[in-house]
Each structure stands twice: as structure tokens, then as C-alpha cells.
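Novice: If you want the building blocks of each chain, they are given just below.
There are 2 protein chains.
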Amino acid sequence: MPTTTQDSSIAALLRDDILRGQYRCGERLPSERDLAVRFGVHRSTVREAFKRLEQLGVARIAPGGARVAPLEEASLDIVEHLLALDDVPDPEIVDQVLEALSGFRAMAARLGTERADAGQRARLLEILDAMTRSGLGNEQYSELVSELSDRFVEASGNMVLRLMGHSLRPKLAHTRLGYGLFSDPPSRAEVEKHLEQLVRAIESADGTLASEAIYDLSRLFRRSLRERSTSAERSLPEERALPEAQPMADVHEPALAAARAGARSGRSARAGGRS
Amino acid sequence: MPTTTQDSSIAALLRDDILRGQYRCGERLPSERDLAVRFGVHRSTVREAFKRLEQLGVARIAPGGARVAPLEEASLDIVEHLLALDDVPDPEIVDQVLEALSGFRAMAARLGTERADAGQRARLLEILDAMTRSGLGNEQYSELVSELSDRFVEASGNMVLRLMGHSLRPKLAHTRLGYGLFSDPPSRAEVEKHLEQLVRAIESADGTLASEAIYDLSRLFRRSLRERSTSAERSLPEERALPEAQPMADVHEPALAAARAGARSGRSARAGGRS
DNA sequence: CGTGCCACCATGGTCCGACCAAAACCCCCG
DNA sequence: CGGGGGTTTTGGTCGGACCATGGTGGCACG
Chain A
7 MPTTTQDSSI AALLRDDILR GQYRCGERLP SERDLAVRFG VHRSTVREAF
57 KRLEQLGVAR IAPGGARVAP LEEASLDIVE HLLALDDVPD PEIVDQVLEA
107 LSGFRAMAAR LGTERADAGQ RARLLEILDA MTRSGLGNEQ YSELVSELSD
157 RFVEASGNMV LRLMGHSLRP KLAHTRLGYG LFSDPPSRAE VEKHLEQLVR
207 AIESADGTLA SEAIYDLSRL FRRSLRERST SAERSLPEER ALPEAQPMAD
257 VHEPALAAAR AGARSGRSAR AGGRS
Chain B
7 MPTTTQDSSI AALLRDDILR GQYRCGERLP SERDLAVRFG VHRSTVREAF
57 KRLEQLGVAR IAPGGARVAP LEEASLDIVE HLLALDDVPD PEIVDQVLEA
107 LSGFRAMAAR LGTERADAGQ RARLLEILDA MTRSGLGNEQ YSELVSELSD
157 RFVEASGNMV LRLMGHSLRP KLAHTRLGYG LFSDPPSRAE VEKHLEQLVR
207 AIESADGTLA SEAIYDLSRL FRRSLRERST SAERSLPEER ALPEAQPMAD
257 VHEPALAAAR AGARSGRSAR AGGRS
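Chains as they are written, first to last, in my numbering: chain A, 7 to 281; chain B, 7 to 281.
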């Protein structure tokens, strides 16, 4: 049992506050001394929490006061905490994570397919074979997808992929919205089409083909999931085809809103490129 | 001038030691008290450094002693420090980063292309136009590639991509081996072929095509770079087509070796899957 | 009344020393 | 040779203290 220390609890609290948008970017957060009395701990404890926040990239601490850092400086690691912010995570965030996950897996599939040795290839095909077996629950199915993804990463031999992977991969399992909970799974025929494509890709070491297969496959499930969550959470029938036209009349979470706005438009702020 | 604090210096020192493989995974690193006297600072300063290391995912600190964490727990953020470990970074690492970067950019291109609005599309084409201009140094060229990549990320509207991006993107600029220093750049014709493909992809909002174009383009440069660095640093003529057959008779850096081995084979260690 | 300078205060960075609980270690006993 | 219990070490936290710096308000001057 990993007894959670006070400093990490405090760090988690502050981190979530920041991610939730309690403090706007650039805003000063309370002084170490203030927080120390507020939390009833010694200042050095708060201090350690601050160091974590800084390393996470969500805060910048400097004489004069610690300030909330812009999202550009945050670590990829914040993704998991974004998902864990609320009991039922923001569907928008979930969707973005799934989208990135699809892309990541496509990348892994490409590199893994190109590099896999015979044994790895066999293992990959084995998993794919298991996936085509009928009677698989969504749970086991997504388990296999994860497994497959891991094997691709492994076969790619690329450590950077590995690192990206475990900042992304398991984080959805925590949430109620992880893979495996859609009421309207994609059609079996469609899935199998992509699976077959993937088999061919692996057998011929065609990275591009594998990449496409995985991406399309992921997209199928992602779409099911999105439809489910959006219909459950709210009711926006439009297919988000026009991102910037979206009302964005959201609930709370200014940080996320800012993140989206930043990721979406962003350019207007710093229009003139360099050079 | 960001005056670097003692705790961050110490954290950096320890981090580099760990990444360099001075301590094997799981090994205990010196106690806070030891390090305090060794560095001539107070224990609490070392302590803050430790918190950073833990947040970075390179160390796990617990009563009884802090231990080096397995690579699986490390943050993507260590990549930049891996590149900065030596004056001339390990070509293997550089190659892996470039490879991941290619994949990432391909992903960004796909999502960005699919989602870009008219303005973003115009901006993308603008950059591509600049890239086809003759007389560009490799420096400016890679600058444009970066810019293009950023715009894709922006157009994708995906915050996760954004986060991944700035853990990956600028880190090569520090090194002597960044894009732009190859003596044998890819042929102009080949490059332009992909650029044209990319233009078509953007105009038709074809994510897959864009992804391919970017990936192939990146690969061109990556190959030139790899050839250059390998010929300069050492002499291994083989094209690394057989990863596991590679002698791996490297110099030092057990951590990286472990990373590679882990990412490459890995499976044998934990053979039996779950479920 | 407006403006610029300066002292003051809050803040982070670091240090000292101390206590506790748990893990690690070691030696002695069976 | 193995196991058990006590000792040592280690991290977690605390209280307080000093310093340099940056922010801020007030005071004197124009």
C-alpha cells in the first residue's frame, strides 16, 4: 500500500485546482506560508508540493510568488489527471485523448510493423487472431487492443514511443468512459475488415497499411464512444465538423476551455511568425 | 535570467546520472543526508530535488530509501534530457527521437488536415509554398518544418497532441545533431514530390494522404541525418534492419542500453500476459 | 496635483536541528 | 544454516530562522 504523503496530496489538490481552472494562467497562487497554514502543515511540505507542480509543468515558482504556467509548458503527464478531474470526465477531453491515442497507435503500428522480427510478428498475429474470435466482450476486446498496441510499441524498438505510450495508454481504464462501455459497438463486419487489413499489413511488413488499419479501427470505436457519451451527457447532435463554430457554451472548467481554444485557434494571439 | 536554484541543479545532476545509467534500475540511490553533505547543502534542499525526480518519474522515493524507477514510469519529458546528456548525443537516441517525431508529425498532419478550417488551411499552404522556394538553407527548412508541424497541431485542435508536441519538438535544436546539419540532404526532386502530395492532401482534406506525405518527408531527412551521424560517430554500415541482431557493443550508458533492450525485446521478461 | 524615488514587507531559497514511524540491516539464537 | 528481534538508517514532517529579491505603498519633490 503506497501510503500517500502529505506533500503529494497537497500537490494533487493544487494541481487539480489548476487544471480545473480555479486559477487562471499567469495568476499567482497562494504563498507557501499561506498554504502551509491553510493545510495545517509545515511550509517545507508545501514547498515540496510546489516542486512537484513545477516539474509537472503546471506552475512556475519564482521569488515574488508561484504562478500558474501556460499549458504549453505542461507535461504530457497531466492528461491522466485531466481525465480524473471529475467522476465523469469531460467528454471533450475523453474524445481528444482517444483521438490522440488512435494516432499514437497508428504510429506504433507503422513503426512496429516495419521493424518487427519473426517472433514479434507471430505474437501480433496471435493477438489479432484472438480479436477475431467471436463472443468477446467489449472489455476483453479493448484489453486486446491495448495488448496489441503494446506489442507494436515493443516491436518498434523505440523508447520514445514507449514513453509516450504509458503516458497515454492506461489512463482511460480509470474512468467510467474507458473503451468497452459503448452501448452501440461498431459493426462486426467493419471491424473485421480492418483486422484483416492489419493481418495483411503485418505479414507484408507494410507499415503504412498497418497504420491505416489501426487508425480506422480506433476511429470506429472512438465514434461509438463519442456518440454514446455525448448523447448521455448532453445533446449536441452536430458532428463537431466545424470546431470553431461550436457554441462552446460549456459548463465550467475554464482551463479546459482555454486549452481547447488555445489548441484550436491560438494563432491569432501570436500571429506574426518568426523569420 | 532564470537563476537556477540549488535544488534544481542537484535534481538535474542526479537525473543525468540516472539517465546515464550510473545507477541501475531498482538500485538505491544515496540517502538524502548523504547527498546533503556531499553537495554541501541542507537536507531539505536535496529533498526538493528528490521530489522533482519523483515527479519526473525517474526515481521512486519511499521510506527506506529512494530507488531508481523503471523506465516504464518515466515521463516523456526525459527525452530532452537524454538528448542533452552528452555534448554529442547518442546517435541511437537521436534516431529514435527523430523517428518518433516523424510519427508524431504524421499524426498531427492527419488530424490537422481533417480538421483545419479555411484560414488554417491557407496558412498551411502558405508554409508549404515557402518550403518549395529554392535557395533555402537546411536551417530555414527545418524551421519551416517545425512551423508546419505546429500549425497542424493547432489545426487538429487536440490538446493532447499539443502536449506531446512540446515534449518532442524543440529538443533537437539544442543539439549539434538537430535537423539542418546533414552534409547529404535528400534530393530536391524527392522532397518536392512529397510536398506536392501534401498540398493535394490539404486541399482535399485527406488526412491519410497528408500523414503519408509528412511521414515520408520526415523519413527522407531522417535517413540523411542517420547516415551522416553514423558515418561520423562510428562505422556501422548495416542499416539496422535487424535490430536484435545488432552487436550492441556500445560504449557506456547502460540505461539507454536497457531502454533499447527493453523496448526491443522486453517480452521475454514478462512473457505470460494477464487475463 | 502628478510623478518618481525609496523604504518596507512579503515571498521564495536555503539552512539548522529535531522527532517519528517504517523500512532496512545485522547479529544473535535456535 | 535459517529465522527472529533489536538497532540503525531512511524518509516524512515539523518548528523556526536568515537572506536576497521583487512588489508595493507612501513620502518627498517638482
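For the record, the hints were derived by calculation from the structure and aren't laboratory data. Only a predicted model underlies this, so the values are computations on that prediction, with no experimental measurement involved. Every residue, glycine too, gets a C-beta built ideally from N, C-alpha and C. Hints are not guaranteed to be accurate.
Which residues of chain A face chain B? A few of them, derived with a C-beta cut under 7 Å, are [what the hints assert, rightly or not]:
#, residue
1, 35
2, 102
3, 103
4, 105
Examples of chain A residues toward chain B, derived with CB under 10 Å [what the hints assert, rightly or not]:
#, residue
5, 110
6, 209
7, 213
Anything over 10 Å on all C-beta distances counts as not near chain B; from chain A, calculated [to be verified]:
#, residue
8, 26
9, 33
10, 53
11, 114
12, 116
13, 127
14, 164
15, 173
16, 196
17, 199
Novice: Each of the hints needs a verdict: does it hold here or not?
Specialist: These are the hints, each one checked on the structure:
| no. | hint | in the structure |
| --- | --- | --- |
| 1 | 35 | violated (17 Å) |
| 2 | 102 | holds (5 Å) |
| 3 | 103 | holds (6 Å) |
| 4 | 105 | holds (6 Å) |
| 5 | 110 | holds (7 Å) |
| 6 | 209 | violated (18 Å) |
| 7 | 213 | holds (9 Å) |
| 8 | 26 | holds (15 Å) |
| 9 | 33 | holds (20 Å) |
| 10 | 53 | violated (6 Å) |
| 11 | 114 | violated (8 Å) |
| 12 | 116 | violated (7 Å) |
| 13 | 127 | holds (12 Å) |
| 14 | 164 | violated (5 Å) |
| 15 | 173 | violated (5 Å) |
| 16 | 196 | holds (17 Å) |
| 17 | 199 | holds (16 Å) |
The earlier numbered hints that this structure contradicts are 1, 6, 10, 11, 12, 14 and 15.
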